[in-house]
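**Student:** My request is simple: use the sequences and hints to build the entire structure.
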Amino acid sequence: MPSLYISNLFDVLLYKLEKNLFEEKAFFRKLIILPSDLLKEVLYKKWSKEQGVNTGFKVLKLPAAIDYLMRLVRFQHGKTPHFSAPMLLSLHLEALLQERLQDNEERDLFQPIFDYLQGDLFQKKLQGLCDELSSEFLHYGLYGGKGLKLFCEKRSWQQSLWETVMRVWDAPQLFFEEKRFDNSLNFKIDI
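Quick note, the sequence shown lines up with residues 1349 to 1539 if you use this note's numbering.
Keep in mind that the hints were calculated from the coordinates and are not lab data.
Values in this document were obtained by computation on a predicted structure and should not be read as measured data.
Incorrect hints may have been included.
[Stated by the list, open to error] Lysine to any residue pairs mimicking SDA-like chemistry, simulated, CA-CA at most 25 Å apart: (1) 1497 / 1477; (2) 1397 / 1357; (3) 1397 / 1386; (4) 1393 / 1413; (5) 1397 / 1361; (6) 1367 / 1404; (7) 1472 / 1442; (8) 1497 / 1511; (9) 1502 / 1444; (10) 1494 / 1412; (11) 1502 / 1458; (12) 1394 / 1404; (13) 1406 / 1365; (14) 1472 / 1446; (15) 1406 / 1384; (16) 1473 / 1445; (17) 1409 / 1480; (18) 1394 / 1356; (19) 1473 / 1451; (20) 1494 / 1509; (21) 1406 / 1390; (22) 1367 / 1416; (23) 1494 / 1511; (24) 1388 / 1362; (25) 1473 / 1504; (26) 1388 / 1398; (27) 1502 / 1455; (28) 1472 / 1444.
**Tutor:** Here you go:
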């Protein structure tokens, strides 16, 4: 059963973590998600001295942890994840926008972007826009929450691109919320 411990004292949280981590009898893949590499180093030093071992678990920051979980779940079924590299997403968005420039169906929806891209610096503006959009889309995919659902309901050029991108890519938040993985996998998630 997932657990959540809240404290302003690092030692209290560390005690609870160690109790769950080292006293767990069943075999599970163990993942610890931390906000910084500094905390990872502190934990490894402490556990090296006290436990004499630092194996049997992974310690990652949130974006890497989400990517790891998606790979773990998808590799079980021979699939590959599609939501991690900002540069790949940027290139995909660039291709989509260039397609939309040729398409008259959504011309009104994309008119503000067409107006922005007009002029001498077309390619530079397009690349810059796609870099920013990929960064935002990756952020939405990780941390979107209720705001992401509201964003998806409102029709806009950004939402249209997001919808098109999500036909090919997986946003981690949607992937785990909608449980797009086999529940028969041996998973235990402690938060």
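**Student:** All hints are to be evaluated individually against the structure, with a verdict given for each.
**Tutor:** Against the structure, the hints:
no.	hint	result
1	1497 / 1477	23 Å, holds
2	1397 / 1357	21 Å, holds
3	1397 / 1386	17 Å, holds
4	1393 / 1413	21 Å, holds
5	1397 / 1361	18 Å, holds
6	1367 / 1404	14 Å, holds
7	1472 / 1442	11 Å, holds
8	1497 / 1511	12 Å, holds
9	1502 / 1444	20 Å, holds
10	1494 / 1412	22 Å, holds
11	1502 / 1458	14 Å, holds
12	1394 / 1404	16 Å, holds
13	1406 / 1365	13 Å, holds
14	1472 / 1446	13 Å, holds
15	1406 / 1384	14 Å, holds
16	1473 / 1445	12 Å, holds
17	1409 / 1480	22 Å, holds
18	1394 / 1356	19 Å, holds
19	1473 / 1451	19 Å, holds
20	1494 / 1509	19 Å, holds
21	1406 / 1390	15 Å, holds
22	1367 / 1416	24 Å, holds
23	1494 / 1511	16 Å, holds
24	1388 / 1362	12 Å, holds
25	1473 / 1504	20 Å, holds
26	1388 / 1398	15 Å, holds
27	1502 / 1455	17 Å, holds
28	1472 / 1444	16 Å, holds
Of the numbered hints stated above, none is contradicted by the structure.
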